[in-house]
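K.L.:
The lines below spell out each chain.
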Amino acid sequence: MSKVGLIILREYITRVRKKSFIVMTILGPLIFGGIVIVPVWLASRENTGQKVIAVVDDSGIFGDSFQNQGDDNIIYEYVREPLEDVKTEVPNGYRYGLLHIPTIDLDNPQGITFYSEGSPSLNTIGEIRGKLQSIIKDMKLSRSSISKNTLAQLETKVNINTINLSKDGTEQKGSSSVSSAVGYVSAFLIYGFIFLYGAQVMRGVIEEKSNRIVEIIISSVKPFQLMMGKIIGVASVGLTQFLLWVLLTFTVASLAFSIFQPDLTAGQTGAFAQPMPETDIAQAAAVSQVQEAIDTINVPFILACFLFYFLGGYLLYGALFAAIGSAADTDTDTQQFMLPIAGPLIFSIVTLASVLNDPDGPMAFWLSIIPFTSPVTMMMRIPFGVPVWQLALSVVLLVGGFIFTTWVASRIYRIGILSHGTKINYKTLGKWLFHSH
Amino acid sequence: MITALNVLDTSHIYKSYATHTALKDISISIPQQTIFGLLGPNGAGKTTLIRIINQIIVPDSGEVFVNGEPLAPRHIGVIGYLPEERGLYKKMKVGEQLLYLSRLKGLNKSDAVSRIKNWFERLEISGWSEKRVEDLSKGMQQKVQFIATVVHDPDLIILDEPFSGFDPINANLIKSEIMQLRDQGKTIIFSTHRMESVEEICSHIALINKSEKVLDGSKKEIKNRFRSNTYEIIHQGNLNGLSMNYEVLQQSGLEDDHLYTVVKIAEGLTPNQLLYELIQHVEIHSFQEKIPSINDIFIAEVQKK
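Protein chains in written order, with the working numbering: chain A, 1 to 437; chain B, 1 to 305.
No lab work stands behind these hints: they were computed from the structure.
Positions of the beta carbon are idealized from the N, C-alpha and C atoms, including for glycine.
Certain hints may be false.
[Stated by the list, open to error] Just so you have them, the derived chain B footprint on chain A, three or more residues with Cβ under 8 Å:
{"hint": "1", "region": "3-11"}
{"hint": "2", "region": "212-218"}
[As the list claims (entries may be wrong)] With the C-beta cut set under 10 Å, the calculated list includes, among others, these residues of chain A facing chain B:
{"hint": "3", "residue": "V221"}
{"hint": "4", "residue": "I415"}
{"hint": "5", "residue": "L418"}
{"hint": "6", "residue": "W432"}
All chains should be built: construct the whole structure from the sequences, respecting the hints.
P.N.:
See below:
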């Protein structure tokens with residue numbers, strides 16, 4: 001086996017054997033699942049926190065307008081007692097608060113007040129306000145002799161199908177929401193992977209340097225071989241982790257699917273017996289739309305791009321991380337050099353939203369061409385479709401970019417790993433860079 | 001002078017760093033099967049020279065020859081190197097680590113395994129193979145480091161300050177291993193600023209001071225060169241009335257009325273003539289030539305500049 005091969009193998013095996021790798025590999029899909037499931041679960045739990053609110057209606061015009069629906073967050077109770085009595089009762093009773101409606105003018109309602117023990121959340125106030133507004137709106141409508149049904153008929157739901165036209169005349173159905181989701185996820189994954197594994201390269205270099213084993217190693221191999229062996233070894237660890245995540249997520253998902261499927265079919269047969277509630281129909285439609293949209297995504301192509309931009313971006317930054325590690329004696333020494341390296345990456349993440357707004361705009365274009373930002377930005381753009389020449393240019397520049405950073409890094413690295421205790425600043429790095437060996 | 005008998009020759013090596021010159025016109029020759037002391041104070045340039053021999057850095061000018069051939073990457077397997085700044089991967093097991101290091105030197109797996117086993121037995125550390133380096137004591141780690149240096153059976157072994165950090169027991173063990181290796185035909189370069197550790201085991205030395213070679217050659221020849229015709233005498237009775245040819249350099253009293261005197265004799269006279277002169281004045285208990293130690297020579301040479 002070649003010497004670089006031996007180094008790659010050592011870097012790979014020592015990392016894959018670590019407990020933290022195994023734990024992260026198992027936890028990763030669970031965390032991803034959690035990020036998706038927990039908000040949904042939390043949202044579904046909100047019902048249990050129902051608030052009871054007393055309504056004292058001095059105006060008398062609201063009558064029975066406050067109707068409660070079972071799953072509303074707020075339950076309104078009409079109280080026919082004097083305001084002052086209810087006010088004293090609220091802090092001690094089961095009620096969350098008290099809504100007092102004085103005699104008002106429908107066109108200019110003034111003096112409506114909400115009393116409660118603690119400060120109500122913006123959501124609660126918003127909900128009460130919305131309720132009042134819709135009741136007043138209904139009243140005004142009936143005053144103008146427009147029935148609710150007439151109004152409902154006026155409202156029309158519009159869906160816009162997006163279809164991407166290409167020069168050869170084929171049409172492709174697209175969905176910008178699914179594209180955004182795919183773009184976001186892959187952009188963030190690349191960002192995370194570059195930082196995670198770049199930092200591992202850096203720490204590995206510092207470890208070898210502070211362990212003082214580096215001089216023993218480079219009496220057997222060239223510093224460049226050691227650096228590349230480490231970078232490639234760590235990249236293989238990253239790829240392994242990613243593939244395991246994909247496999248595990250797929251396995252977990254299909255397991256979950258096979259467990260929940262009976263419920264699903266039962267629900268569907270039940271739906272034949274009694275008419276499906278309107279919201280369920282809408283949901284089913286949405287689900288089928290999403291599925292259709294997912295089918296429009298070219299998964300192998302996106303996966304291939306993801307792997308390329310992950311590797312390209314990682315190699316570009318990994319070399320720089322290695323150079324920083326070689327110049328530092330401890331982790332803390334690295335901080336002064338981290339910002340210029342992390343800067344472009346963070347910038348590409350911060351600008352994702354504006355890239356999303358205009359995936360073909362000048363900002364999106366330039367950021368996806370420049371090698372330091374292209375791995376993240378281009379992954380955001382690819383699901384929306386990118387002209388071939390732009391993709392090709394970006395690929396070529398990224399390859400050129402990592403060859404360049406590797407060259408720069410190797411020149412700093414070869415001197416850095418043998419320097420102990422010297423104070424390193426940019427001037428020293430520059431000297432090392434241009435110092436002929 | 002480059003001869004096939006020399007394991008290593010360096011020829012007019014120059015090396016400068018951004019701020020200082022590390023080596024200036026260094027030419028040394030290291031004969032086969034010798035223990036060669038590369039001596040000099042800290043910062044003299046010893047480590048730079050060693051790194052050049054190990055192909056870690058490249059000289060600005062000058063050439064290095066191994067067995068008469070210009071230094072090339074294939075010589076990596078011929079050289080074993082124990083750096084001054086040395087360490088091991090802390091989380092790796094001893095056996096795996098030695099296997100990795102020896103394979104980087106070009107050994108194949110089965111050779112490496114059997115040699116590591118031999119060395120484990122030789123240094124009586126069998127059974128360490130599965131231990132992690134971080135669980136070993138410092139002395140134990142040093143043994144592992146020494147094995148890593150010699151496991152690929154190099155012809156030339158370079159030890160940079162080998163005894164710094166070694167406890168006395170390990171230092172003696174390593175010393176005897178070094179002698180054994182020399183007897184097996186290996187050549188050892190020994191770099192140190194501690195002259196006394198060199199005196200007993202080195203047969204050849206080179207002195208480097210402030211990037212320049214001060215002197216080199218066989219220890220015996222160098223010592224001869226620095227003989228100063230001085231003799232140490234332990235005697236009873238006062239030493240007075242010596243002729244002009246003899247100069248008393250130093251005198252001090254010892255217990256039991258004995259005196260210690262250092263006498264320098266004039267050029268062309270022999271020790272026998274001095275003895276003859278002395279017998280007439282005092283009773284002699286001991287008489288020997290004062291041969292300078294490497295340390296004395298070194299200090300004299302450095303101060304001369």
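K.L.:
So which of the earlier hints does this model not fit?
P.N.:
none
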